[in-house]
Amino acid sequence: MGHGILRDAFIFLATAVIAVPLFQRLGLGSVLGYLIGGLAIGPWGFGLITSVEESMHFSEFGVVLFLFLVGLELEPKRLWALRLPIFGMGSAQVLGCTAVFTLVGLAFGVDARVALVAALGFALSSTAIALQVMKEKEWLPTQSGNAAFSILLFQDIAVIPMLALLPTLAPASAAATSGGSPWLSALKVVGVLVGVVVAGRLLLRPLLRMVAAAHLREVFTALALFLVVAMAGLMQSIEISMGLGAFMAGVLLADSEYRHALETDIEPFKGLLLGLFFMSVGMSIDVGAVKNSPLVVIGIVVGVTVLKIAVHTSIARIFKLPEQQRPFFSLVIGQVGEFAFVLFATAAALGVLPTEAAAPLVAASAISMLLSPIAVTIFSRVIEPRLSRKDAPPADLIENEKPAVIIAGFGRFGQIVGRLLYANGITATVLDHEPDQIELLRRFGFKVYFGDATRVDLLHAAGAADAKVLVVAIDDVDASLRLIDQARHEFPHLALYARARNLQHTYELMDRSIAGHERETFESSLRLGSRVLEGLGWPSHTAWRAANRFREHNLEMVRDLHQIRNDQAALVAKARQVREDLTSMFEKEKEMRDKASGGWD
Amino acid sequence: MSKQLYFLFVHPDRRRSHTNRTIFEHVRTLENVTAVDLYESYPGFHIDVALEQRRLREHDVVMIQHPIYWYSMPPLLKLWMDEVLELGFAYGPGGTALAGKALQLSVTTGGGPEAYTAEGMHAHPLETFLLPWAQTAQLCKMSWLPPLVLHSARRASELEVQAHAEHVRAHAVSLINPAFVREGT
Ligand SMILES: Cc1cc2nc3c(=O)[nH]c(=O)nc-3n(C[C@H](O)[C@H](O)[C@H](O)COP(=O)(O)O)c2cc1C
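So the protein sequences, as listed, match chains R and B. Just so we're aligned: 438 in my numbering is position 438 of the first sequence, and the numbers increase by one with no gaps anywhere. Just so we're aligned: 24 in my numbering is position 24 of the second sequence, and the numbers increase by one with no gaps anywhere.
Chain R extracted, bound-state conformation (with noise of 0.2 angstroms):
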């Protein structure tokens, strides 16, 4: 058995590798790179992998997490925001596109209970293809971004009702479904939600900073993992969609502290579990069915899509979208979705469903969501360059804020360094792994993020693509000399400010001639210096002026010392050198200012 997976896994892997990069080069999108990639290996393609079903149940976890990170990017705030959109476009939607395909479906004479099945199903689109592509073609910031992700979150809502519809469409005979009253269930379903929200507020914050005080990545990992579980699971227990409730996990803790670590802790899982889940709905397109039918499935495919594309365009146009964005608007959210195979496969076992009749609508459904990814292509490369682009994408909701600084390190001297941006109306992103110090400065208004700055994908998520300088504030010299090579190497247009532990650093900063660096005792020694020099009765202007020589003469030497850092022998005769200088330099500028105040009388 353990053999068995062994061998699953590396052929999904293989797939993967393969695949994806292949139909990216070709520009066609790595979703479809998954989905044929599914279909070559399925059982109707070299018939590698028959566990279709499992793979896919084990897989949908992906959406789970890719929802659970969708949340993480919309504060409460901003949900609240999109609450029109929501329930106005994405009821629209839903009943608009139900209602179209009932009716054409009671036109060709089919079954009242089937069409009204097939077009529930039908009505639904794909939130794990849909969100993928707007992704990779930088959409949710739009405003038709927005709506159709809006109408997304609405159909997740949608399946409960839906789900919970088939039962009563089912033949006397099989309608013995698990009794209970639907007051009784509402009732669990708000008491549930109004717990997680209470809970989620009060508990989930203190919970990650003590596991984030322990220091130990894969725990803090496996508890983000465990947090997306036991939503999830929550949730299916009270008959919600998993993907909801990992949605509201997300939302929760949106605006907390964690969020950049909870994403790159999870960003892989998803990645991989997603493009599971797309190969295994490459996978179970059913080429059975199609070649039993080929007509009746095309037809539907056709049909379903240009329905759907057509109702998204009214109400684009009830909703007044931006012209330009229409078209992609309709068409992104115009394939069917994940939710159908689920909605199909209950109303088959129900009863409601005739075997016969749910085949070729899966079929249909998984062609759909196969063609969906070309379509988008076809539409971006050929049709949309010819769309005028008048306006641009306008306000974003979904977008992450853009700091122009990321502060990494945020002790005792990243700290002043922030704060004197911040008192000059500049908020920096900061980065830190002390969960106190993040917790203290909170409260003072910081905008502050827990995690390893020196990891890169920790810098993304914090924005650094967008970020115009960073400021390496760290206390231990090698991450910090390990984060400028990497932020060089990864983010090269960011301007690169290093807090400097001692001389050697300053050397190895020297080296990579970044835009700035300072010691980080220096100035206040070269302070407290003038100090002592004011207490011994010097004015405190000369000792300052003093104090700035030394500063200027030292730097100079710091520079020179840098040259000849290699060389031992030359290093002691240069030491030797610079304090015989300073001295002479000393004499030399009190000459100077005798000469300067001299001649007037």
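It is worth saying that the hints were derived from the structure and are not from the lab. These numbers come from a predicted model, not from an experiment. Positions of the beta carbon are idealized from the N, C-alpha and C atoms, including for glycine. Keep in mind that a hint or two might mislead.
Unchecked claim - Heads up, incomplete: computed chain R residues facing chain B, CB under 8 angstroms, no partners named:
1) H541
2) A543
3) A546
4) S584
What the hints assert, rightly or not - List time: in silico EDC-like cross-link candidates among lysine to aspartate or glutamate, alpha-carbon distance up to 16 angstroms:
5) R/K447 <-> R/D8
6) R/K590 <-> B/D13
7) R/K447 <-> R/E434
8) R/K595 <-> B/D13
9) B/K101 <-> B/D60
10) B/K78 <-> B/D48
Mind docking chain B with the ligand on chain R? Use the hints.
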């Protein structure tokens, strides 16, 4: 009623000053005088504008003691003017904080009196070089008192410096208690 006098001592290096510092030492101990060493207060040239403005408001006479450097004043004093004598405070609409107060300059020069003549090294009378000060007083509606001057400051003997310092001190007293001596205006 005694008047309040704000005495601003401006010299970049107290230790190298002979005359200005002696004068400062003489005046600082007087009653009703707030004596401030400007370079000592703001060694890094970061002037506390609010504090300076409050001090100006709280005093009736502003007396400024400085050596003449390059026909002008030491740089920190210029910065003090730039930053403290703000629009709306010292001049312009609503800028009446200094109106009615007196401005008394006390300066020392390296050159002797002969240098400040048409034939001398500096070719103009000293008043010409002090014109910016005089006009500043005018703009701020202050009364401009004839400056006190010590020429040939670096050549002056200890005794001469002491005598001049006494003179400045006595003048300050007369400004604080105008009933005693009538002079200037
Ligand atoms: C930078 C500098 C510029 C000077 N410019 C002048 C000047 O323009 N005219 C002048 O008569 N003396 C000038 N002097 C001489 C000073 O006025 C003189 O040294 C000072 O008044 C002596 O006062 P103290 O003993 O308090 O330093 C200058 C001196 C220095 C140091």
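*Please work out if B/K101 and B/D60 have their alpha carbons no farther apart than 16 angstroms.*
Holds, at about 5 angstroms.
_Agreement of hint R/H541 with chain B interface, Cβ distance less than 8 angstroms_ = holds, 4 angstroms
*Keeping to a limit of 16 angstroms between CA atoms, is the pair of R/K447 and R/D8 held or broken?*
Violated. R/K447 to R/D8 sits at ~44 angstroms, over the 16 angstroms cutoff.
*Going straight from one Cα to the other, do R/K447 and R/E434 come out at no more than 16 angstroms?*
OK: R/K447 and R/E434 at ~14 angstroms, within 16 angstroms.
*asked:* Check the hint pairing R/K595 with B/D13 against an upper bound of 16 angstroms on the C-alpha distance.
replied: Distance ~15 angstroms between R/K595 and B/D13 Cα, so the pair holds.
*Double-check R/A543 for me: the hint is only fine if its C-beta lies closer than 8 angstroms to a C-beta in chain B.*
Because about 7 angstroms separates R/A543 from the closest Cβ in chain B, which is inside the 8 angstroms limit, the hint holds.
*asked:* Is the interface hint satisfied for R/S584? The criterion is a beta-carbon contact with chain B at less than 8 angstroms.
replied: The hint is violated - R/S584 has no Cβ within 8 angstroms of chain B, the shortest such distance being about 21 angstroms.
*Proposed proximity, B/D48 with B/K78 (alpha carbon, max 16 angstroms)*: With a Cα-Cα distance of about 14 angstroms, the restraint between B/K78 and B/D48 holds, given a limit of 16 angstroms.
*Are the Cα positions of R/K590 and B/D13 separated by 16 angstroms at most?*
holds, 12 angstroms
*asked:* Tell me if the interface restraint on R/A546 is satisfied: Cβ within less than 8 angstroms of some Cβ in chain B.
replied: Cβ of R/A546 sits 10 angstroms from chain B, so the hint is violated.
Checked against the numbered hints above, the structure violates hints 3, 4, 5; every other hint is satisfied.
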